[in-house]
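Protein chains in written order, with our numbering: chain A, 2 to 173; chain B, 311 to 433.
These are computed hints drawn from the structure, not numbers from a lab.
Even glycine gets a Cβ: it sits at the ideal position worked out from N, Cα and C.
Hints should not be assumed to be uniformly reliable.
What the hints assert, rightly or not - Derived DEER-like restraints, expressed as beta-carbon distance ranges:
no.	chain 1	residue 1	chain 2	residue 2	range
1	B	330	A	111	35 to 43 Å
2	B	330	A	140	54 to 62 Å
3	B	386	A	16	35 to 43 Å
4	A	165	B	366	26 to 34 Å
5	A	130	B	371	25 to 33 Å
6	B	327	A	130	24 to 32 Å
7	A	103	B	405	32 to 40 Å
8	B	405	A	130	15 to 23 Å
9	B	407	A	91	48 to 56 Å
10	B	422	A	140	28 to 36 Å
11	B	422	A	16	39 to 47 Å
12	B	338	A	111	37 to 45 Å
Said to hold, decoys possible - To be clear about the criterion: a stretch of chain B counts as covered by chain A if any three or more of its residues have a C-beta under 8 Å from a C-beta of chain A, and this derived list gives those stretches:
no.	stretch
13	315–324
14	335–348
15	358–365
16	415–424
Each chain is listed here by its residues.
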Amino acid sequence: MLAEIFFAYFAVVIVLTSILVIASRNPVHSVLWMLLLFFHIAGLYLMLDAEFLAAIQIIIYAGAILVLFLFVVLLLNLKEEIKGRPFSRIFVIALVLAIGMAVVISSTMKLLPPGPVGQYSMDMIRATKGGNSSIIGRVMYTEFLFPFEIASTILLVAIIGAIVLAKKRLRS
Amino acid sequence: MPGKYIPSDYLPILIFLMVATAVGLGVLIAGSIFRLKRPYPEKLMPYESGNLPVGEPRYRFSVRFYIIAMLFVVFDVEAVFLYPWAVVFGSIGFYAFVEMMVFIVILVVGYVYAWKKEAFNWD
Numbered sequence: 002m003l004a005e006i007f008f009a010y011f012a013v014v015i016v017l018t019s020i021l022v023i024a025s026r027n028p029v030h031s032v033l034w035m036l037l038l039f040f041h042i043a044g045l046y047l048m049l050d051a052e053f054l055a056a057i058q059i060i061i062y063a064g065a066i067l068v069l070f071l072f073v074v075l076l077l078n079l080k081e082e083i084k085g086r087p088f089s090r091i092f093v094i095a096l097v098l099a100i101g102m103a104v105v106i107s108s109t110m111k112l113l114p115p116g117p118v119g120q121y122s123m124d125m126i127r128a129t130k131g132g133n134s135s136i137i138g139r140v141m142y143t144e145f146l147f148p149f150e151i152a153s154t155i156l157l158v159a160i161i162g163a164i165v166l167a168k169k170r171l172r173s
Numbered sequence: 311m312p313g314k315y316i317p318s319d320y321l322p323i324l325i326f327l328m329v330a331t332a333v334g335l336g337v338l339i340a341g342s343i344f345r346l347k348r349p350y351p352e353k354l355m356p357y358e359s360g361n362l363p364v365g366e367p368r369y370r371f372s373v374r375f376y377i378i379a380m381l382f383v384v385f386d387v388e389a390v391f392l393y394p395w396a397v398v399f400g401s402i403g404f405y406a407f408v409e410m411m412v413f414i415v416i417l418v419v420g421y422v423y424a425w426k427k428e429a430f431n432w433d
């Protein structure tokens, strides 16, 4: 019962803050609502027993990605955007579509078969020394080695892209 | 599935967050109850040490901040990958060391590129 209450709290706050992110007139307020949203998603990860993911959610998303968002917001010229209306004219159509989507998902959700139960159950993670982060490390550095190395290439692309975009005058 | 399990080890953090929120809201509410209310238009002006404000407070920031922010994000993500690596380093051993060196060398290429393109210089 208590777990359901916690889940309901996180779910309601996540939905409300996501609406506020897109409905705020001031983009800086949007970013701050998104900060609250990220913290509540971290709470949801904790309830899934993904402690490492919850910590990463706060460090990377709330700490680093939002800084980037804030920089982009400050780089834009915001005077016109703040004066304008937050919702465009297609708002009514978007709302109807969103409600329709919610009805379809909620009515078909129970028909989906649950996925196969893997090796890494909650009890197994709990019994391992080092817990969550040790299991993630073991899986990532043995089984999913190639995706891990690909991640470094993607980060390299991000560095080069940012420099090419923002550094016009190249003295080489 | 969420809604089935309570991370009870995190109760102190929950209490901490609740106290922090209560203090923040409590100060604002107490202030709005006890303070004097004498509004006049000068109070809404931005305070510039007694001078009249010159220009808009919002102006476009230099795009150089964006490079710094982007580099910060990239190396922050790299540092996060080091954490589970350090935890399992003892059990995987030399193989894990080689993996991480490949990962870091690829990122150092980006670092050297940023350095050579003078992304760290401010002119």
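Quiz prompt | In rising order, the numbers of the hints this structure does not comply with | solution = Of the numbered hints, 2, 3, 5, 7, 14, 15 do not hold.
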